[in-house]
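Letter by letter, the sequence shown follows residues 24 to 577 in our numbering.
Calculated from the structure, these hints are not laboratory results. Treat the numbers as computed from the prediction; the structure is a model and nothing was measured. Possibly wrong hints are sitting among the right ones.
[To be verified] Using 20 Å as the maximum straight-line C-alpha spacing, the simulated EDC-like pairs for lysine to aspartate or glutamate come out as follows:
{"no.": "1", "residue 1": "Lys395", "residue 2": "Glu376"}
{"no.": "2", "residue 1": "Lys179", "residue 2": "Glu204"}
{"no.": "3", "residue 1": "Lys511", "residue 2": "Glu204"}
{"no.": "4", "residue 1": "Lys511", "residue 2": "Glu376"}
{"no.": "5", "residue 1": "Lys178", "residue 2": "Glu190"}
{"no.": "6", "residue 1": "Lys511", "residue 2": "Glu368"}
{"no.": "7", "residue 1": "Lys502", "residue 2": "Glu484"}
{"no.": "8", "residue 1": "Lys511", "residue 2": "Asp270"}
{"no.": "9", "residue 1": "Lys205", "residue 2": "Glu222"}
{"no.": "10", "residue 1": "Lys337", "residue 2": "Asp398"}
{"no.": "11", "residue 1": "Lys389", "residue 2": "Glu471"}
{"no.": "12", "residue 1": "Lys205", "residue 2": "Asp226"}
{"no.": "13", "residue 1": "Lys205", "residue 2": "Glu187"}
{"no.": "14", "residue 1": "Lys223", "residue 2": "Glu187"}
{"no.": "15", "residue 1": "Lys223", "residue 2": "Asp245"}
{"no.": "16", "residue 1": "Lys197", "residue 2": "Glu555"}
{"no.": "17", "residue 1": "Lys389", "residue 2": "Glu449"}
{"no.": "18", "residue 1": "Lys502", "residue 2": "Glu204"}
{"no.": "19", "residue 1": "Lys179", "residue 2": "Glu158"}
{"no.": "20", "residue 1": "Lys339", "residue 2": "Glu514"}
{"no.": "21", "residue 1": "Lys223", "residue 2": "Asp270"}
{"no.": "22", "residue 1": "Lys339", "residue 2": "Asp510"}
{"no.": "23", "residue 1": "Lys197", "residue 2": "Glu241"}
{"no.": "24", "residue 1": "Lys395", "residue 2": "Glu415"}
{"no.": "25", "residue 1": "Lys315", "residue 2": "Glu284"}
{"no.": "26", "residue 1": "Lys223", "residue 2": "Glu471"}
{"no.": "27", "residue 1": "Lys71", "residue 2": "Glu368"}
{"no.": "28", "residue 1": "Lys543", "residue 2": "Asp554"}
{"no.": "29", "residue 1": "Lys337", "residue 2": "Glu514"}
{"no.": "30", "residue 1": "Lys197", "residue 2": "Glu166"}
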Amino acid sequence: MTSPLQSQAQLPADLADVRRKLEQLAAAGQIPELIELVLGLLVQLRDKNTALSARLASALRDLYGRKSQQVSTEQLMLMFAELGAEAPPGAAGSELGADAPPQPEQGLVPQPPEPPKPPRGRGGRAPLPEHLPRETRVVPVPEAERTCPQCGAEKKCIGHRTSEVLEFIPAQFKIIEEQREKLACPRCPEQGVTTADSEKVMDRGRPGPGLLASILVEKFEDAMPLYRQSQQYARFGVSLSPSTLGDWSAFALDVLAPVAERIEERVLGSFYLCADDTGMRVLDRDHPAGVKRGHIWAFVGTGLVAFLYAPDWKAKHPAALLQGFTGYLQGDGYAGYGAMLRGGEGGEMIVPEERRLGCGMHIRAKFEKAAKGGDTRAAVALSYFKAIYRIEAACKEEALSTEARLTRRQERSLPAVDELYQWIHELHLRLVPGTPLCIATQYAINQEAAWRRCFTDGRFEIDNGEVERQLRRVALGRKNYLFAGSDKGAERLAIGYTIFGSCRMHGVNPLAWATDVIGKLQAGWPRGRLDELLPDAWAKSPRAAPVAGDADAT
């Protein structure tokens, strides 16, 4: 029987060319060259198949898998068990709780033990916030039980057994009828009528500062689209269309824009700045698909966060914002950082290599992705990262000064970083290109110098964690409102995320802050006193109410 491959006419054109080449080599007696050609083709097919399989597994995990980057110690133990002899003793010993602590010359520097998890059900109830209003309700004993069953005498009150009930009073609308006084001189009618100025915050609209603040807080803090807010208000018997709420929201953000601009100035004037970005769908009539991918940039510095909208991913947009920046910039491997020039083309680099800091979270995330893709060798890197982050957690728990944190890093963290990169460099040479683990090691090598720079100053963090937490709110809102209506709308979104992200960093009640600040700005607040309205200063004012249980408050 004739094989299909024996007929050259049945082969695709590219394979027919390969067959002719092989036949020429065989006819010429060039067997070694023929073998090398076949092996080269097989290697290409293997690498491509491995990379495609990894991409498919990654795509399926992104669709259906967990999004958390956390890898428990138990998971690492299972991965190390599969690795067996391939696992470096230092990585396994420091994280998996070996009976004998590793010696410095054999493994990592001993790390502080992981704090035990508190037992469930033993902590008791958390006390209710003291700032909440209280009212007393006396519950009497029923009339049938107020008489002594033995002697028939009436029982006397000897005290009360006190318990607490946490109640919720739904929000409510109210109408404030503004009656502006009019004055006129009875003797001089030619002087006309003097009328008091309106205290409304919106001349051609009826919302008060509290309603405007509520619309913004529900949109930016609770990720509630305007059409759902309209439905919510309808339950209270008030009909407000989404378009009306949109107009009021845009007006309120324009009122708060000077505060956002001042936050931006404060952030960009800091010595140490963290930056990252995320995508944003924006409607665009000129785009072939009717929608384009814009970007929201987040910058964290001096305890505040500033957001910038850019219509594309070009470096010129963050460069325009960073023209006066002279400090250290922490970010991921975005290539545009090197293309940001001061003054445009031909200018000096805004953030040269020696002032760029890497992000440990981005490096770790790629190894975590490889580990969840089934490559247990990534567990080695994850164990080193776990040890390094445990040192950072201990520094924060002990409230170390910047000098003490630098000393702790030099003594404990840097040896772990050295061993991690020794393992990465040795492993990278043996990996198949295009696989998740090879991508992770290559990214780590590219970011090595920038990430090591984080450990040279106690003021620097070793990752971009605060920026990532800020962008998480943007991603949550994006899932609900799906897109921005225009570039101008996206710029207003950046204003909202700037002011409320900064409120969150200082534990400020966003509704109380926005109500107060909108009213003050519309009443004619001096521009030279804007710093008093910024969340970090407002948090210390008598108007500030604490936000109980805010996990993001720092």
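Status of each hint after checking the structure:
1. Lys395 x Glu376: Measuring from Cα to Cα gives roughly 33 Å; hence the hint is violated.
2. Lys179 x Glu204: violated (58 Å)
3. Lys511 x Glu204: Answer violated: lysine 511 to glutamate 204 is near 39 Å, above 20 Å.
4. Lys511 x Glu376: violated (34 Å)
5. Lys178 x Glu190: Violated. Lysine 178 to glutamate 190 sits at ~32 Å, over the 20 Å cutoff.
6. Lys511 x Glu368: violated (27 Å)
7. Lys502 x Glu484: violated (30 Å)
8. Lys511 x Asp270: holds (13 Å)
9. Lys205 x Glu222: Since the Cα atoms of lysine 205 and glutamate 222 sit roughly 15 Å apart, the hinted pair holds (cutoff 20 Å).
10. Lys337 x Asp398: Violated, because 35 Å separates the two Cα atoms, which is more than 20 Å.
11. Lys389 x Glu471: holds (14 Å)
12. Lys205 x Asp226: holds (18 Å)
13. Lys205 x Glu187: Not satisfied, since the Cα-Cα distance of roughly 51 Å exceeds 20 Å.
14. Lys223 x Glu187: violated (40 Å)
15. Lys223 x Asp245: violated (26 Å)
16. Lys197 x Glu555: violated (30 Å)
17. Lys389 x Glu449: Satisfied, since the Cα-Cα distance of roughly 18 Å is no more than 20 Å.
18. Lys502 x Glu204: Since the Cα atoms of lysine 502 and glutamate 204 sit roughly 48 Å apart, the hinted pair is violated (cutoff 20 Å).
19. Lys179 x Glu158: Between lysine 179 and glutamate 158 the Cα gap is close to 24 Å, so the pair fails against 20 Å, i.e. violated.
20. Lys339 x Glu514: At roughly 16 Å apart (the allowed maximum being 20 Å), glutamate 514 and lysine 339 satisfy the hint.
21. Lys223 x Asp270: Measuring from Cα to Cα gives roughly 16 Å; hence the hint holds.
22. Lys339 x Asp510: holds (17 Å)
23. Lys197 x Glu241: holds (19 Å)
24. Lys395 x Glu415: Judged against 20 Å, a Cα distance of about 25 Å means the pair is violated.
25. Lys315 x Glu284: violated (26 Å)
26. Lys223 x Glu471: Violated, at roughly 57 Å.
27. Lys71 x Glu368: violated (40 Å)
28. Lys543 x Asp554: At roughly 13 Å apart (the allowed maximum being 20 Å), aspartate 554 and lysine 543 satisfy the hint.
29. Lys337 x Glu514: Cα-Cα ~17 Å, so holds.
30. Lys197 x Glu166: violated (41 Å)
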